[in-house]
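Protein chains in written order, with our numbering: chain A, 1392 to 1591; chain B, 1328 to 1436; chain C, 12 to 534.
To be clear, the hints were calculated from the coordinates, so they are not data collected in a lab.
All values reported here derive from a predicted model rather than from experimental measurement.
Watch out, some of these pointers could steer you wrong.
[Claimed, not checked] Ranges of calculated distance between the beta carbons of each label pair, as one might list FRET restraints:
#1 Pro71(C) - Asp1560(A): 39 to 47 angstroms
#2 Gly1459(A) - Arg509(C): 49 to 57 angstroms
#3 Gly1483(A) - Val491(C): 26 to 34 angstroms
#4 Tyr74(C) - Met1550(A): 43 to 51 angstroms
#5 Leu92(C) - Glu1570(A): 31 to 39 angstroms
#6 Arg509(C) - Ala1451(A): 33 to 41 angstroms
#7 Asp1573(A) - Ala235(C): 47 to 55 angstroms
#8 Asp1560(A) - Val502(C): 47 to 55 angstroms
#9 Ser1491(A) - Gln1335(B): 32 to 40 angstroms
#10 Leu1484(A) - Gly35(C): 34 to 42 angstroms
#11 Lys1579(A) - Ala526(C): 31 to 39 angstroms
Note that CB positions come from ideal geometry on N, CA and C, so glycine has one too.
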Amino acid sequence: MTLPISTELICFLVLASIVVIGGIGVVLLSNIVYSAFLLGGVFMAIAGLYLLLNASFVAAAQVLVYVGAVNVLILFAIMLVNKREDLAPIKGLQVRRFVSGLVCSGMLALLIRVVVKTPWAVPGPTAIGEEATERIGEHLFTDYLLPFELASVLLLMAMIGAIVLARRDVLLEDVGTGEPVDQALLEKVKTPVLTEKTTL
Amino acid sequence: MQGFTNGQIPIEAYLLLAAFLFCIGIWGLINSRNAVRVLMSIELMLNAVNINLMTFSSYIDGELIRGQVFAVFVITVAAAEAAVGLAILLSLYRNRVTVDMERFNLLRW
Amino acid sequence: MPEMGALLLSSSTISAPADLLNLGLNAGAVAPEGVVLVALLGTLIVDLAGEKSAARWAPPICYVSLTIALLLLVQQWNAPLEPSFLGSFLADKLAISFRGIVALSTLISLLISWRYAEQSGSPVGEYAAILLAATLGAMLLCGSTDLISVFISLETLSVASYLLAGYMKRDARSSEAALKYLLVGSAAAAVFLYGASLLYGISGTTNIKGIGLALITSPTPLAALALVFVLATVAFKIAAVPFHQWTPDVYEGSPTPVVAFLSVGSKAAGFALALRLLIGCFSAFDEQWKLLFTVLAVLSMALGNVVALAQTSMKRMLAYSSIGQAGFVMIGLVCGTEDGFAAMVLYMAAYLFMNLGAFACIILFSIRTGSDRIADYAGLYQKDPLITLGLSLCLLSLGGIPPMLGFFGKIYLFFAGWASHQYLLVVVGLVTSVISIYYYISVIKMMVVKEPQEASEIVKSYPDIQWQTLGIPALRFALVSCVLVTAVGGVFSNPLFRWANNAVAGTPLLQDSIAIANQQFLG
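Input sequences plus hints: build the corresponding full structure.
Put into structure tokens, the structure is as follows:
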């Protein structure tokens, strides 16, 4: 085994084990802050895998967007809603976890079987390697122009929507009649649903 | 430019890793009681998809790398979805002061 | 770069992006969407000037742009068929019909939204902008022929829907509905993506047609798995049982005009996606997906209509009834014949008018009374004959009573199902139709038959009917026109039949599939 090959293999194994262990940690750790940091680690390891796959642009995008934006956003959210909350125990929780674990491992077994059995069309055309970034740009302005433009609408709308939902100021009166309003559904519930709030 | 050849690592290795990550994501989605953790599980699933796409792009479609473009779009959408999800979570937290999925039961499931 | 050029030359069979630069985009095909986009930006700009300005200017901008979009769609109807955006989009007659249904449903949903949004104190300009973004996504979804554009338009529609569901941000129910919708929807999107990535891995392309060809030459177990993943997401979008759990919650917690859009516009886009993916991409697995969809259709019709019997909230009842209605439409999908597809298109159009008419009535009722409980409708006919009449006609049409529009749509669906030997589906459809008539009629009975002293407290203290308030005239216009089309459309339904048949006849995708099915039948 030559040096480059074994280096690649070692890199893959290290990154893959970070992804696997980190992924398990994200869903299992009881402290959500640790989970969030582990998630950042998983994202970084996946970016490393992209580098192994010779896709430096997507690796950079992964680091910038996932680690730099999504993960930070998640940490912010945890800080904002981080009230010590003792979750009330639920009956049959362990059974549910176990059963869903069985279902998921069954699905994993199915996926593994299918992935191994399928005759993949490898080796495909030679990878273009470092010219990938240029090729992505060409794609974005030719055959994927429509989704590219639509993605900008999606981002604009997500931004506006997130601001509308998260900002605090509330319209105090009906524009049409000038009556007071409360930004709730018009169909009121007769029983006070928010009694839980006071008991916390 | 030095020609890069894949093949040292079999394609199945990447695909199995993605399948494993996807199943972890699903398990977390079902079992997490903290709404933020559910969002994290969804991010794990999307990353599993991205590993798949990047692998196919490199091994099967190395010349046109449509999978890389697809992955870039997935990353974009994931960011938008996370932002919207956290905005909704914040507005819900203001109303209910909890992030426990089991207590979001004003509407019957 | 010499290397790059050599590379392109060596692969002349695959058209590399650089070559494609010379080809035309044929971007005129998305002109209607362009108009919607301009309106989206317009509503945002008038909203900058304050809430009063938004309430004044956003409605006309939306009306004008959606009308222009509809006119452009009509103009496209007879235009020669060319793929646009280098194969990302195809404006065939099927796409045009469904885009028309989506645009019309947005127009009517907006007409019935204004008063509701203003009375609850929600920012109107942003509301319209987000709804228009959802429309944009749904319209592009109807014509997308590439997995990436399918995914992005699906997500535009979904993310906008999550935002709209949580728009009443001071109401815990609305936020909760939005969060549940977001979590389930994003999970469904991730599952769809996993299936899409497998399809890409099998075929090495993202074009739906290309994938379809690759699957025909080598139908592997992996492709069947991808089918299951993709199908689950499609079923989620059209709310087929057992992927329906989100529907009643989201419908109950969301603002009612949003529910009106979700139950028609979003669903129509879901069916267009189902047609494109299942027929264009999974034709190699024809028997398998038809079997799966038969099961989904039977479950949807049965569960949707039976559970609707037990509901006490009007919105929740309509949610379950919409699950049942989606089951009826699936009959046409499973048939796979010319009549089946035409019946699907026709029933979606009929469903647009009758469902939005019903929603206009319950929105008007909740604007006046602040309630959506079925019991509160008791004795309404003495206080508000218009709502009573409109709701009765729309519900009768949803139940399929002649001579309403819904009756003809349903009969056509059942006829198509019977003709292609889907006896189980037709029998289940007939039985569940009878059940649905029972609960629709019981609402009507509640409104009409009760004596004045039996009327509910809310109806007894019913406010004076006013038509001058801002936004109410638009609501009345939408209500009256939907009810008129529902009631009279049945008698004059010939143009609709012709339109639906034309739509199917002018769609190469569907024609190919029908031709293959006929060959198999003969051979």
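Indices of hints not satisfied (ascending): Those not satisfied are hints 1, 3, 4, 5, 6, 10 and 11.
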